[in-house]
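The residues making up each chain are set out below.
Number of protein chains: 4
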Amino acid sequence: MSTIVFDEKKPLDFVAIGRLCIDLNANEINRPMEDTVTFTKYVGGSPANICIGMARLGLAAGFIGKVADDQMGRFIVRYLERNGIDTAGVVTDRTGAVTGLAFTEIKSPADCSILMYRDNVADLKLHAAEVREDVIASAKLLLVSGTALAQSPSREAVFQALDYARRHGAVIAFDLDYRPYTWTSKEETAVYYNLAAEKCDIIFGTREEFDLMERFESNPDRSDEATASKWFDYKARIVVIKHGKEGSIAYAKDGASHRARSFPANVVKTFGAGDSYAAGFLYGLMRQWPIARSMEFGSAAAAIVVSSHSCSDAMPTAEQVSRYIDECNETNRS
Amino acid sequence: MSTIVFDEKKPLDFVAIGRLCIDLNANEINRPMEDTVTFTKYVGGSPANICIGMARLGLAAGFIGKVADDQMGRFIVRYLERNGIDTAGVVTDRTGAVTGLAFTEIKSPADCSILMYRDNVADLKLHAAEVREDVIASAKLLLVSGTALAQSPSREAVFQALDYARRHGAVIAFDLDYRPYTWTSKEETAVYYNLAAEKCDIIFGTREEFDLMERFESNPDRSDEATASKWFDYKARIVVIKHGKEGSIAYAKDGASHRARSFPANVVKTFGAGDSYAAGFLYGLMRQWPIARSMEFGSAAAAIVVSSHSCSDAMPTAEQVSRYIDECNETNRS
Amino acid sequence: MSTIVFDEKKPLDFVAIGRLCIDLNANEINRPMEDTVTFTKYVGGSPANICIGMARLGLAAGFIGKVADDQMGRFIVRYLERNGIDTAGVVTDRTGAVTGLAFTEIKSPADCSILMYRDNVADLKLHAAEVREDVIASAKLLLVSGTALAQSPSREAVFQALDYARRHGAVIAFDLDYRPYTWTSKEETAVYYNLAAEKCDIIFGTREEFDLMERFESNPDRSDEATASKWFDYKARIVVIKHGKEGSIAYAKDGASHRARSFPANVVKTFGAGDSYAAGFLYGLMRQWPIARSMEFGSAAAAIVVSSHSCSDAMPTAEQVSRYIDECNETNRS
Amino acid sequence: MSTIVFDEKKPLDFVAIGRLCIDLNANEINRPMEDTVTFTKYVGGSPANICIGMARLGLAAGFIGKVADDQMGRFIVRYLERNGIDTAGVVTDRTGAVTGLAFTEIKSPADCSILMYRDNVADLKLHAAEVREDVIASAKLLLVSGTALAQSPSREAVFQALDYARRHGAVIAFDLDYRPYTWTSKEETAVYYNLAAEKCDIIFGTREEFDLMERFESNPDRSDEATASKWFDYKARIVVIKHGKEGSIAYAKDGASHRARSFPANVVKTFGAGDSYAAGFLYGLMRQWPIARSMEFGSAAAAIVVSSHSCSDAMPTAEQVSRYIDECNETNRS
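Protein chains in written order, with this note's numbering: chain A, 1 to 334; chain B, 1001 to 1334; chain C, 2001 to 2334; chain D, 3001 to 3334.
Keep in mind that the hints are not guaranteed to be accurate.
To be verified - Not the full set, but computed from the structure, chain A residues with beta-carbon under 7 Å of chain D:
# : residue
1 : E130
2 : Q160
3 : W183
What the hints assert, rightly or not - Just a sample of chain C residues kept apart from chain D, beta carbon distances all over 10 Å, derived:
#  : residue
4  : F2006
5  : N2027
6  : V2098
7  : Q2151
8  : Y2178
9  : F2216
10 : S2218
11 : N2219
12 : D2221
13 : S2229
14 : D2233
15 : G2247
16 : T2270
17 : P2290
18 : A2318
19 : R2323
If you're looking for bench data, these hints aren't it; they were derived computationally from the structure.
Ideal Cβ positions, reconstructed from N, Cα and C, are used throughout, including at glycine.
Could you build the full structure based on these sequences and the hints that come with them?
Below you can see the structure in the form of structure tokens.
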């Protein structure tokens, strides 16, 4: 079995590197943003959500990133700390950068969109020299978010973090999390995603994200197996490919593949589903659960988050997830 | 008397050029923004506020500007139109610019600040070729806001608008409205403020703003009279210099000067005071009132706006202002 | 007669502001640059050429500009000083800017072109605060070159120089010298050329350059008279419009117009013709010669420069120009 | 023995990717550039020089790069073609980029410097999508020059070329060729140099360049052996570390190390020494010579180039190098 072994001597279970931003969620939902009037502020950004998710699940989590020197930046750091997340690796920008914003629009549970503010954002100003090697050295698992590769100097910071993780034997998970803004071209994205993926143990992404990475290659049938197999030639041991409503499939280096079951949910919006799934799945792997059980745990966590108004703030505890799985199982049985 | 004559044959009383943005006002006030959770969305930007103020006072008003091609941009145009403002001169950006944002923080009525998002904003992308000569030709009064001079191509659009106004005999008012972000240096500001001010009939600003314009000159005593007199050598007929709590002073080309009285207010925040003052003052001038009465009307309008939560949305009608003046007078008398 | 009066008490006859660069003239001429192998280095840039021309004609000349902190920059300053030009107003860039380059290609006397290097050039980095008011205060005549308006901060430096010239009573000449590179758009050029031209006493340009300035106006017949007359409504007293081979025409505010005669030349290349013309013409005006005689002197100076390999280095002395006029007259008579 | 095997079925011996530029060498030498007047034009840029060197030595060589759409760009392509170099991989920029320039100053044989023009240069505008996979697939050996990593999109083009080389089994040589201009920071350089070096078979650089790459590591004694050994953990088989006048040392993966002997030369300037050395050394490896003999051949080629005025144009034929070695050996013997 291709279980991934984590170095139990390390004090920190998990550290994420990348985007820290603010979600401004419309309070009036099921209508276009032109008709909304008030917004509620949450901490956001995919790696931030996953990190908060991991902390809620009971793991010792930390973050490596950069925040603006303003009220939004201070709000973010405070929120992380209140969730028990180690912020020793979070530095404050001094160049006048701002905090990235995501205004969410929920026209219907199935029609959600985001209005992004990504110009001059602090999270993309993290320098390689600001990445704390000691923080990475102390962590069992490093999560890299693809958006952090979108611009210099954050791009270099990620590659430096990958190098530190290799040096110190941390397992590396790569959440592709492709967002077109801030990238110059799809070719640029493909080049850096591939350079990073070569160095990772666990890779998560949608079929479309893997297609993007195969821009200079030939995979005419968009075969998941061909995709996964390419990365097993490098360092990967698990490759998870998501197919939206059709669910996701996880390939392990030993040749096995696993499909996730999905859980019923009272969907408010789709945001945050991937982040809570990632948190739940990684949590399972760290507990040495089989892949299938880890995927189920991730799916249940996702079902809980899409049923509520926020992403970060709705991340469940391990007990909540387990209870939710039990409840669904009972419902099914009855 | 140096009354300013407006061309009564023109159908539009007033047109403003410059910033259109969104204010996000914290609903929880009297605390730092780190502790606020929800925000309410309003149309903002100094010239937008003045224009809305003029429309509320009953004048035929229009706007020349640029909005983002997104939900925020559409909200702004819709709000202007609902207030009866002509938006024929408002164009939509197609380059992916965003809407400027101003998050307000009200720690106390006397301690207010703004967190600005001004990177890649649509309002500064207005091109000279997009300024509608016909709209300016149809207007009695053009208001120019200094922030629109902060960057190209908006800077060129303003100079082109000034040229159209001169050609078609519109009276020109210049509200200095200096905001340090987006300007490269104080020298740059001084140069363009001076170039614009040379072409204006009415100039409003704080003592600090006029000091900035005199950066390359000698006015060691910071004399208001010297300042006003310089502009009377160009085209100016009224120069209003604001001294914060000490009130403001208006100089007329004929040599007269007038001090404004201030009105009692139940101050919630100080934002919007200058904009409502400008609207009230210009309204008075357009009704051919003496300068002193126009200033009083502006001060009363300002007192009303600082007593409420928003800027634009709180702009009073002429009747409300008159009633407020009457009430204050009665209170004084009693 | 609309003779322009210069303030004889001022010690400096002439000061130019703008571009200082390097010409690299192909030594092998009458062939494409792909076939040239060696280049000779000269000081170049239109205002530099005019300034060197004025110094050669015997006037006390100075320069306001910025050079790179490298061998090219030092070469330029040294060359100016060797020509007796006051370089107190020439500052050295400290930001790593380079010296603008112009590689000339002479395929035939009638087919000349220039390959320009204008990225990150020192001359466009002159700041308003670096313009020496005392140098302008000491000068009878300020020459502004349009290329210096192409970018910030040089653009602001020019407007500041114009303000100093007005304050101290210097006559201002504006050589439009439009070069498309470094400008963002023709609209941008039109706006700033017009703002500058409003403040000038003498304006030189080609018909095409004046067309560009009339981009937002109506002059359907491209009438020189309409063009000149517009500027007489501002401050201009002489407007010279050049029509290439058809010669140029000078309008004076008093209503008179004058056409220049052209001189026979053994043309090597066309570069430098306009600059030597400007130097000769302004020299005549400063000697209080009638416009027609000043134009003739400029034309003769131009004929001398186009007959040689360089621009700056070929600028003639007053004696050379006079002798050339005499020789041509004799030839004509015989 | 760790001889490197080249795929003999491939038609192209060698392909280089990176900088193509123009050297402008002062004709008047042994003086500062302020005192030079004429320049001679040559094709330049380190990988261009090496490629020309390889072609002169008799190998089938090609180039992957980008040139400006001007006379300089056309001169470069023509020169490469005249030297028998395949330019199928050389594309022409259409964005208005210029050709990089290097003005050389030779104050004395030991005191040489370069004045660089590297703003907006065509060579750094090569896109990943413009790299011809078929050209790399046809080549036995790919040479990557570090300067091509300095900026996007050229940086991505290099990584894409490295991926194509891996896919098609080309041997990869990496010439660090660090030039501080165009890089944002030393940290940025370290990150990308390391990412590229991991994928290379042969790495050349000075001790200072390897120090730069070890910025985030610990090699306090600056040990060449520690440096080489790090890269042998990746893909490297030969690491050459240059120590200026003290000569260079080559490490092979099998543990052997070799020091180069140097050849007497009548030094005109030091430029081009490294490039001719690289060409000679790689030529030897491709002929399956032992490392020591390849180094000697490189040293002799370098001695020939530093004795002449140009870099590219002075690259010797194999016969010239062999004859030079023989002559030196005879001199030594006598």
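Cross-check of the supplied hints:
1. E130: violated (9 Å)
2. Q160: Since the shortest Cβ distance to chain D is 6 Å, the answer is holds.
3. W183: violated (11 Å)
4. F2006: The claim holds: C/F2006 sits with its nearest Cβ about 35 Å from chain D, beyond 10 Å.
5. N2027: violated (7 Å)
6. V2098: violated (6 Å)
7. Q2151: holds (13 Å)
8. Y2178: holds (18 Å)
9. F2216: holds (26 Å)
10. S2218: holds (32 Å)
11. N2219: holds (31 Å)
12. D2221: holds (34 Å)
13. S2229: holds (38 Å)
14. D2233: holds (38 Å)
15. G2247: holds (32 Å)
16. T2270: holds (18 Å)
17. P2290: Fine: 41 Å to the nearest Cβ keeps C/P2290 off the interface.
18. A2318: holds (27 Å)
19. R2323: holds (28 Å)
The structure fails to meet hints 1, 3, 5 and 6 from the earlier list, while all remaining hints are met.
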